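Undergrad: One-letter residues, chain by chain:
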Amino acid sequence: LDPAHLDPTAALDERLTRLEEKVGKPVPIEERLAALEAAVSRPKGKNAWEKAQIILQALAPVLAGVVVAVAGYLLTGRITNALGQRQLELGNITQMRDILVRLETGKADGKDLVQEEMNANATALAAFGSYAAPSLIELLRQGGDVKVRAAETGLESLALSDPAAACAQLGRVLANRTQAFPWQAHLHVLRLAGTLACRDQLGALRAYRALLTTGDDRTRLNAYKAAIDPAAELDSLEQLAAELDRAEKLLGKEANIERP
Amino acid sequence: LSGRERGVRLAAGACCWLAMATPAARAQLVDCAAIRYASSYKIVIDDLFFAKPALDADADLKLVMDRLRFTVNNQLTALALQMRDATHQSTPLSLVSCPGRHPLDASEFDRDRAQDLTDSKVVLEVWGTLDGSVRDGKVDAREARVGYAVMPLRFYEFGAVDLPGVYVLRYPRSGGAPAGGFTGLLEQLPELDAYAALGVGLKAAKAKDFDLAVQFLKRAEALLGSVPKGASALDAALQQALAKYVQKKTCETIEAALAYPAYQGGLRLVYATRKPC
Chain A
223 LDPAHLDPTA ALDERLTRLE EKVGKPVPIE ERLAALEAAV SRPKGKNAWE
273 KAQIILQALA PVLAGVVVAV AGYLLTGRIT NALGQRQLEL GNITQMRDIL
323 VRLETGKADG KDLVQEEMNA NATALAAFGS YAAPSLIELL RQGGDVKVRA
373 AETGLESLAL SDPAAACAQL GRVLANRTQA FPWQAHLHVL RLAGTLACRD
423 QLGALRAYRA LLTTGDDRTR LNAYKAAIDP AAELDSLEQL AAELDRAEKL
473 LGKEANIERP
Chain B
-18 LSGRERGVRL AAGACCWLAM ATPAARAQLV DCAAIRYASS YKIVIDDLFF
32 AKPALDADAD LKLVMDRLRF TVNNQLTALA LQMRDATHQS TPLSLVSCPG
82 RHPLDASEFD RDRAQDLTDS KVVLEVWGTL DGSVRDGKVD AREARVGYAV
132 MPLRFYEFGA VDLPGVYVLR YPRSGGAPAG GFTGLLEQLP ELDAYAALGV
182 GLKAAKAKDF DLAVQFLKRA EALLGSVPKG ASALDAALQQ ALAKYVQKKT
232 CETIEAALAY PAYQGGLRLV YATRKPC
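Protein sequence lines correspond, in order, to chains A and B. Heads up: the first sequence begins at 223 in the numbering used here, then just goes up one per residue. Heads up: the second sequence begins at -18 in the numbering used here, then just goes up one per residue.
Wrong hints could be hidden among the right ones.
[To be verified] Quick list of simulated restraints, FRET-style, between CB atoms:
id	chain 1	residue 1	chain 2	residue 2	range
1	B	ALA240	A	ALA402	34 to 42 Å
2	A	LEU456	B	ASP66	40 to 48 Å
3	B	ALA38	A	ALA402	49 to 57 Å
4	B	ALA240	A	THR435	18 to 26 Å
5	B	GLY246	A	LEU382	49 to 57 Å
6	A	LEU456	B	GLN56	29 to 37 Å
7	B	ASP66	A	PRO452	21 to 29 Å
8	B	ASP117	A	ARG319	27 to 35 Å
9	A	THR435	B	GLY246	21 to 29 Å
10	A	ALA432	B	GLN228	35 to 43 Å
11	A	ALA429	B	ASP66	38 to 46 Å
Keep in mind that the hints were calculated from the coordinates and are not lab data. Since this is a predicted model, take the numbers as computed values, not measurements. Backbone N, C-alpha and C define an ideal beta-carbon position, used for all residues, glycine too.
Chain B with its partners taken away, still in its complex shape (with noise of 0.2 Å):
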């Protein structure tokens, strides 16, 4: 396929990818006082909610639902406190919680509001939906997506056909149930550490603030490494074009860094005597 062509297809998949992963819900893009100008790097944490009304009496969701909280604030809470050991700053990296914000889809994410959200410094925006089919009382075919907006990425690369910046993920992914059960599939959310990562590097290098950039970039090349295929052909496309953009980023980074007169930071000893790239 040539490279237009491979476009074409990854922009008509990921429309249909998006929009049979997101539910027929009415988009609650609300206000939150805690998206407000500030100095330090933010994740965003939206609302946890049910597709549907019925489910949330479903007593295997509503574990997950908490069980997704826990994970998410967890991990994003470990990964604040490895920024501030990389920093040596108090808060520079801060969680933020959105009460009764749920983004639709990657739709929401204009270039306006994704330039917006990377001016506020929200690296990351996370939203979780639960879903299931409802028959005679009974809930089955349960199933979790969680949505990710990296916002540096949606918006420095913004219309890259194959780098949409949001991505939204149903797990369990193979769509069985995993070998813990369905509560037990959202113990471990790489691809959040990933993002987050990804999302920090991205925007500090565009500050220019080159050895936190190439930190978070290389933590992200690697995590991403270790996020699971996806469960489908579009999904493992997009997970190797997102790949390759950071392995570029990276090394655009440490040649942006090596290049400019002001910086006097570690990258030159680093690669003093070798090539980045």
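Only chain A is shown next, with the shape it has when bound in the complex (with noise of 0.2 Å):
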């Protein structure tokens, strides 16, 4: 069929249905703008991330208090506890010092004062907890047998409440090796790390025997006094060495110990 034979309004015709029927009727544009809404109208998946971001942004101004509220809180706190504690510090201080002046001197109100007496304020003492334990080894450091018993008595106690620091104390006695401490302070220190369990303190015994033990008589003494006290004798040596023995056994641990 010659298209230039036909009708040409007849063959527009035809040649426009056979074109549309090759590609289709055209869908009316009210079709198409109804589906583009309803696309839009519809609601659309969103990933996880999405969903993250969106619930972000809308807690961001209550995270935001709280770590604000957080953060205050945690240094309001600190800083109160430090302002607490060197509050508690200074009132210890106010108020153990009367009961030190009693034990330095050994009086109260110019009345000497007994051994009871004296023991009753190491124990009142000791109930400043860990801030006690240098002022009672001051006592035993000076000596007297009336001030040192009190001082004992006051460590034993300050052990119950607070252990850890009464053999710490202990433990930085024993270690000392500047002439610090008497030998009769460190043969107290012994006796009350036994007494007291301070295994923790085991280190400080290990070390303590060598210094007792290396060397013949002359040679032992020299270092102990040079090391510890001038004034140590041999028989300081052996009350020491015994002191050592009795504490080790206490503490169950004379068998782990090495002995040179």
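Using the hints, build the complex out of the two chains.
TA: What follows is the structure, encoded as structure tokens:
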């Protein structure tokens, strides 16, 4: 069929019809708009990240407030605690001072304190916990039969409430090698280390044994005098060794401690 | 009597003796600043005090108290001088006064305290009590009690029943007034020198200061021989036990010196050809 021989109008209709058949009928514009509008109005699916972003954006002001509140609380708590601790220390010093004066002088209101009264003061001092430990050790360092016994009572009392503090102080004395404490104070500390079961001081005891037993009489006495106390005698070393034996026995670690 | 029976009797007797010989006063074991760790030997002189408040007005007792104080200081000063000559040191023995301190009896010197004091080089602690009966304002049956704690003996022989190391002696010993009257009874205290010498000797022996130890142990041995016998059988038994102990200790110290390689002192010469015991 030659298109040139056809009615041009009819031919155009036919051609249009054929073209329409080939390409399909065009969707009316109203339908296409309606479809788009429906697509826009339909809820769109989101991934987890998008959801999180949305939630975080929504909660951001609340979270910021919470973080500020927690940080403020923590900082305020720490500052308050630090201030409180400082105030407690100052308060302790003031209250401890009176007891310390009594223990140092052995007197109260001008009257001599007997052993029981000295012990009571030392026990009262020990009630201040770890703050009392250095003062009680200082009393041991000074010597005197009444004062030393009171100091021992105080340290025993302290060990009931704060064994770590009491034992740590004893360990410091035993570890000292600068002649800061007389040998008699070391003797008392060894006794207390055993009585108070200061197991964490076994290392210090081991080192102490080496000091007492290395070499002949003269060598070890000279070594001990140089490290601990120039006034020590051979009898001192014997007493210290006996007290060390007792301490180790009480600690139940005698077998594990190396002996030279 | 077997040794054990004798020991038990001595222990029981010693308890009663010490209880009777001490006042029913409150113990006054107070801190004494002079008792500190030091390198010189010390004799501690405690308070002299009246057993009852009413006695402090009695002229005789006051005089005795002054005399006792004088005698103790005098004798001990002389001993300190002798020791200085013996050791060629400036102050090997010092007298330490502890006002307000007044032990009650031997029980106050438990092992720990005896050790503390021995380690502070206290060789002797002395205290005194003056007592008497007060009736209608008059004082009679006056007596003085002097306590001696030989600290090294107390510590090193702790628990030995016949060697308590703490002795509380009554004066006048016989219970009656001495020839010079009551006030003259404390002009000389031979036991004071003996106990002090014993304390020095024992402490020096432990420190392996053999020359000083033997010198003072021998001195103690001689002085104990000159002490009048105790008023009771128990006094005498304790005195005898102490004398034997000192003798034994002297021998042991000499033997220890001779066996000690580092010792090169005079005892080696003295005992080069003869046995010490």
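Undergrad: State for each hint whether it applies.
TA: Structure-based check of all given hints:
In this structure the supplied range 34 to 42 Å holds for B:ALA240 paired with A:ALA402, their Cβ-Cβ distance being about 36 Å. Against the hinted window of 40 to 48 Å, the Cβ-Cβ separation of A:LEU456 and B:ASP66 comes to about 25 Å, which falls outside the hint. Judged by the Cβ atoms, the range 49 to 57 Å given for B:ALA38 and A:ALA402 holds: they are separated by roughly 52 Å. Taken as a hint, the range 18 to 26 Å holds for the pair B:ALA240 and A:THR435, whose Cβ atoms sit roughly 21 Å apart.
For the pair B:GLY246 and A:LEU382, the supplied restraint of 49 to 57 Å holds, since their beta-carbon distance comes to about 51 Å. A hinted range of 29 to 37 Å holds for the C-beta pair A:LEU456 and B:GLN56, which are about 30 Å apart. Separated by about 25 Å at the C-beta atoms, B:ASP66 and A:PRO452 satisfy the suggested range of 21 to 29 Å. A hinted range of 27 to 35 Å for the beta carbons of B:ASP117 and A:ARG319 is inconsistent with their spacing of about 52 Å.
Checked against the hint of 21 to 29 Å, the C-beta distance between A:THR435 and B:GLY246 comes to roughly 26 Å, which is consistent with it. The given range of 35 to 43 Å is respected by A:ALA432 and B:GLN228, whose C-beta atoms sit roughly 40 Å from each other. At about 43 Å, the CB distance of A:ALA429 to B:ASP66 agrees with the hint of 38 to 46 Å.
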